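Colleague: Residues per chain are reported as follows:
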Amino acid sequence: EAGVAQSPRYKIIEKRQSVAFWCNPISGHATLYWYQQILGQGPKLLIQFQNNGVVDDSQLPKDRFSAERLKGVDSTLKIQPAKLEDSAVYLCASSLLTGSNTEAFFGQGTRLTVV
Amino acid sequence: GDSVTQMEGPVTLSEEAFLTINCTYTATGYPSLFWYVQYPGEGLQLLLKATKADDKGSNKGFEATYRKETTSFHLEKGSVQVSDSAVYFCALSSSGGSYIPTFGRGTSLIVHP
Chain D
1 EAGVAQSPRY KIIEKRQSVA FWCNPISGHA TLYWYQQILG QGPKLLIQFQ NNGVVDDSQL
61 PKDRFSAERL KGVDSTLKIQ PAKLEDSAVY LCASSLLTGS NTEAFFGQGT RLTVV
Chain V
1001 GDSVTQMEGP VTLSEEAFLT INCTYTATGY PSLFWYVQYP GEGLQLLLKA TKADDKGSNK
1061 GFEATYRKET TSFHLEKGSV QVSDSAVYFC ALSSSGGSYI PTFGRGTSLI VHP
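Those protein sequence lines, which keep their order, are chains D and V.
Quick note: the first sequence, position 20, residue 20 per our numbering, numbers continuous.
Quick note: the second sequence, position 62, residue 1062 per our numbering, numbers continuous.
If you're looking for bench data, these hints aren't it; they were derived computationally from the structure.
Please read these numbers as outputs of a predicted model, since none were measured by experiment.
Glycine residues also receive a C-beta, built at the ideal position from the N, C-alpha and C atoms.
Treat the hints with care, as some may be off.
Claimed, not checked - Computed beta-carbon distance windows for the label pairs:
1) V:Ser1014 / D:Trp22: 15 to 25 Å
2) D:Ser18 / V:Thr1070: 42 to 52 Å
3) V:Gly1041 / D:Ala20: 15 to 25 Å
4) V:Gly1041 / D:Lys78: 22 to 32 Å
5) V:Thr1020 / D:Gly72: 38 to 48 Å
In isolation and in its complexed conformation, chain D is listed as follows:
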């Protein structure tokens, strides 16, 4: 079974530029998450999708971050304009269902450096 695919693996941009990350979840997984992991901290949820609908985006900085999941499969996360504090690893995860004992499967992440 193929895992969660993310691209690119690494990205370096200047502040105020824009950037986009792509995620392809495991086939058949209805739930998709984007997490931000700042160095030395645990992953923090940015947004959760159930199929192509947003379930929770309360921690997404909507003035600069946006995400979509067209057709309920692939997802993109965009930052525009980027700030220095956005430097982090952006993790995509998917799960078959939503529930208390449902395992989330993670991609390798995209490491973003804003200079």
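Assemble the complex: chain D is given as a structure, and chain V must be docked to it using the hints.
Modeller: Chain V only, in chain D's frame:
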């Protein structure tokens, strides 16, 4: 809201030493508890889980017991190997948190030969 507190790292051990990484949690309802591991250059992967009080999750020689009375889920291994060097994340999922996995800050483990 839901939260997870882990002991600070790094934890540095010699091969074959005993490992304990402490994890405590705050949650509404009855959460499920998880340990994820992140090896260098890789994504997070589930190590073990427990879904109700007194359950013990185990995998690859690692164990953790769900202790509701102390709201803890400490990770243990009797004899660590160099290949266990990684970052370990405690996490929970609960109805109060809309089942969104909530993570601790992670604990780095370094095992020397």
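Colleague: Each hint: holds or not?
Modeller: Now the hints, each set against the structure:
1. V:Ser1014 / D:Trp22: 15 to 25 Å: Once the Cβ atoms are compared, 42 Å apart, the range 15 to 25 Å for Trp22 of chain D and Ser1014 of chain V is violated.
2. D:Ser18 / V:Thr1070: 42 to 52 Å: holds (47 Å)
3. V:Gly1041 / D:Ala20: 15 to 25 Å: Between Gly1041 of chain V and Ala20 of chain D, where Cβ atoms are some 23 Å apart, the hint holds.
4. V:Gly1041 / D:Lys78: 22 to 32 Å: Distance hint for Gly1041 of chain V, Lys78 of chain D holds at roughly 25 Å.
5. V:Thr1020 / D:Gly72: 38 to 48 Å: holds (42 Å)
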